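A.B. asks: Take a look at the letters that make up each chain.
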Amino acid sequence: MTFILADKVAPYAWFPDGASSFVPQVDTLFTVIMWICVVFFVPIVIAMGYFMWEFRERPGYRGSPEALHNNLIEITWTVVPTMVVVWVFWEGAMGYLDMARIPKGTVDVNVTAKKWQWAFKYENGGEHEVVAVTDSVVKELPLLVLPVDTDIKIIMRSDDVLHSFYIPAFRVKRDVVPGRYNYMWFHTTKEGLYDLFCTEYCGDNHSQMLAKVKVVSEAEYKKALEKAIQEPEDPLLRGQLLYKRQGCSTCHNAGNEGANGPGPSYNGSWGSKVTLETGAEVDFDENYVRESILNPQAKARKGYGKASPMNSYAGKLKDAQIDALITFIKSLKEAPKPSK
Amino acid sequence: MSVVDRPIATPSHSEVDSYPTHHFLNHSSGFLSWALTLDHKRIGLMYLVGVMSSFALGGLFALMIRIHLWNFKDGWLSNQTYNQVFTLHGAIMVFLFIIPSVPAALGNFLLPIMLGTKDVAFPRLNLMSFYLWLTGLVLFLTALSVTGLDTGWTFYTPYSIETQQGGAVLAATFGVFVLGFSSIFTGLNFIVTINTMRPPGMTWFRMPLFLWATYATSIIQVLATPVLGITVLLLSAERLLGIGIFDPKLNGDPVTFQHFFWFYSHPAVYIMILPAMGIISELMSVHCHKGIFGYRMIAYSSIAIALFGFLVWGHHMFTSGMADVTAVVFSALTFTVSIPSAIKVFNWLGTMYQGTVSLNTPMLYALAFIFLFTIGGLTGLPLGALSTDMHFHDTYFVVAHFHYVMMGGTLVAFLGGVFHWWPKMTGRMFNDKLGIVSAIIVFVGFNLTFLPQFVLGSRGMPRRYANYLPEFQPLHQLSTIGSLTLGSGLLLALIVLLMSLVNGKKAPKNPWGGATLEWMCSSPPPHDNFSSAPTVGDPYDFSNIEYDGRTGSYVKRS
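Top to bottom, those sequences are chains G and D.
Position one of the first sequence corresponds to residue 731 (my numbering), numbered consecutively onward.
Position one of the second sequence corresponds to residue 69 (my numbering), numbered consecutively onward.
Derived by calculation from the structure, the hints in this document are not laboratory data.
In this text, all values refer to a predicted model and were calculated from it rather than measured experimentally.
Be a bit skeptical, because a hint or two may be false.
[To be verified] As a list, the in silico BS3-like pairs of lysine-lysine whose alpha-carbon atoms are at most 25 Å apart: (1) 851(G) <-> 141(D); (2) 974(G) <-> 141(D); (3) 869(G) <-> 974(G); (4) 883(G) <-> 944(G); (5) 869(G) <-> 141(D); (6) 1067(G) <-> 1003(G); (7) 1046(G) <-> 844(G); (8) 844(G) <-> 186(D); (9) 317(D) <-> 1067(G); (10) 1046(G) <-> 141(D); (11) 1029(G) <-> 974(G); (12) 957(G) <-> 883(G); (13) 944(G) <-> 869(G); (14) 1003(G) <-> 1063(G); (15) 141(D) <-> 844(G); (16) 141(D) <-> 942(G); (17) 920(G) <-> 834(G); (18) 1029(G) <-> 317(D); (19) 1032(G) <-> 1060(G); (20) 974(G) <-> 952(G).
[As the list claims (entries may be wrong)] Label pairs and their in silico Cβ distance ranges: (21) 788(G) <-> 618(D): 17 to 27 Å; (22) 765(G) <-> 99(D): 52 to 62 Å; (23) 769(G) <-> 596(D): 49 to 59 Å; (24) 1032(G) <-> 570(D): 53 to 63 Å; (25) 308(D) <-> 1042(G): 23 to 33 Å; (26) 135(D) <-> 810(G): 20 to 30 Å; (27) 828(G) <-> 196(D): 46 to 56 Å; (28) 131(D) <-> 913(G): 38 to 48 Å; (29) 788(G) <-> 364(D): 24 to 34 Å; (30) 1029(G) <-> 131(D): 51 to 61 Å; (31) 1029(G) <-> 309(D): 24 to 34 Å.
Glycine included, every Cβ here is placed at the ideal spot set by N, Cα and C.
Given only the sequences and the hints, what does the whole structure look like? Please build it.
C.D. replies: This is the structure in structure tokens:
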């Protein structure tokens, strides 16, 4: 099967290489189910083809109308599939209960999902860094660093709508539901870089709500944790980092980075007069930026009031961080506006 | 129970087969004679035109999706447009095509004739169902096209509460509400008709299996559809009044909406597939010229599927964070549905054994159904099993699985049924050779479209993505090529049908050799279906039905 299905892009047929302790159970069960399917499907197709040929309508042949009922056969093809599905159910349920029972002594990661950005927070309060990627529509993705050979617990929360946290290499998936915490756990088994997808439809850029998961050695993980709590001293660099880390880049363009919409671009905004939805004009200055971060709907810019509404960052950013973002936006004073 | 030792029926129309000059199509003329008709056959035909047009529209959206996905990025649609297109595709196919396709179009035409009656129990209610369907269609299309609904056909909260396309959500849910009533009235009508209007001699176990399937479907329609009505009302109330049942900002629970929604929408899957199974039972026996194998098991399994179908909705929510026990129970219940479905497949194969298999267009569609539905059913196993579902949930594996069931199953059976009863409905024979070609192209194109999607899903490709990682591109391109092949096969099928209206030979009374009552009246049937009440025999007794080369029709040897 692998031989037929593996192609030049992927050396495997069905599942990507696995990197969690759930992989053996899931992959084995799937392989067995595959063979069960083959054992049912192939004889059905062979019988169908044989009957099509053997009993085809042709001159001089007339079928016999006798075979209409046979208790033994009918009971057999009811009981055998029943036994098979009972076994499949049992295996699936046992594997699932392992996934659902979270062990003690895990390394915890807080995951916050919002349109259309993943945010990871480590146990020491540090936040995820961002990595450049080449294989995706998005140029930069949040990176979740995890230690190898460790039980990891993921605590998930959504800021807006439903999302779903899916790492194919770990064979795990769980919806992120607003208004409650959902949990997931897994045991990492192999170092490497893996994909993370959002698998519950969440609006415009659902398909760009991706992240990377990097499983590293214990020592490297410690280093990553230390780095995670640091923000640069220089306000401009700090603003740049926050722009990506806080998810501003998912809606606002800055320089030649970030999504061009639904929010307005930062380029060439500083110092200009901004026309609001109400028709009034205000100065784009420190106070306007601050208010737009803390209370985004208060002075919505004309043409953007009906765009996907931005959530307030009140309580999420310190004053020094807002200052850094202001410095960053100020630095884009001369940058050309992107074409819509 | 053996069916062969039943008394042989005597045909009520012993006169030589003749082409009728007066029939339901020319019984009266003018726009109003159709618009205000109470004739179930005309209502059925109007539904047929309606659902086929809806299908064409939904199909065009499907092709737009597949063409957009040719490259992993920078497709020809923006993300927003892509999201609206897949919403349109799903919503139109589910609410406007699949649910009414077989019951409302073919069911309306066939049910009274198969029962040997003049019409359904409540002809006026029947016409009202049609107009409700039409109203729903208009509301729905307005919502979908003018304001750009982008919630997916499932309207999941809180996205459907928050999305900017608020007018679209309200109009579409109101459309769904009205369409639901259309469905309920049709189901009610069929239940009463089958219960009270069966002719003397037609006991429950002498009913054609298409009627068993329609009966089971009607039960689901009547019992489940009201819940959909309640759900969309609650959703509208949440949007307009903020009652706080689904919206987490108001202390509601968005998962509650999923329970409500799937309590209808999972049984609705059986509203879609059961009538298709009924069609296949008819097609297999008629074109094998042999009684159906295991009649009682097929009949019971229709009822079993209808009942079990009510208990499995939770499997759409395995990853939503339900309690573990709940998930395990729903998984167990889910597997119960697989058994009656498997039994049917085996029985259809048993019907071919020692039969006389005519490999014509309807039969090839029926055989394609068995092949595709078996794949659809078997790939349900790794989705019903909990641990493997954690990997497959909301990936292309699921997309491929339900297309094998819904499209490879229901649509292919619907096409087989349309070809099978086309001579009866229109009085014209179609070009069988071209019909066979269409069936083969559809079969090949379908597999080329959806087999790669199983592999995509297992490799981790999530559904509803407007762009994707480059490693998925080759399989997506294969799927797109398949979809274009499939589209051309379906177009050919339509051309074959339409050509028959222009230059098709006149259809005889019984061109395939069927034993059910609809083959005892002329093609097309007269306004009153039967001039005198037909005598009911065994619907699957083919022992004395023989081909008459003189008229091109099968006749009953007396």
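A.B. asks: Hint numbers the structure violates, sorted upward?
C.D. replies: 1, 8, 9, 10, 26 and 30
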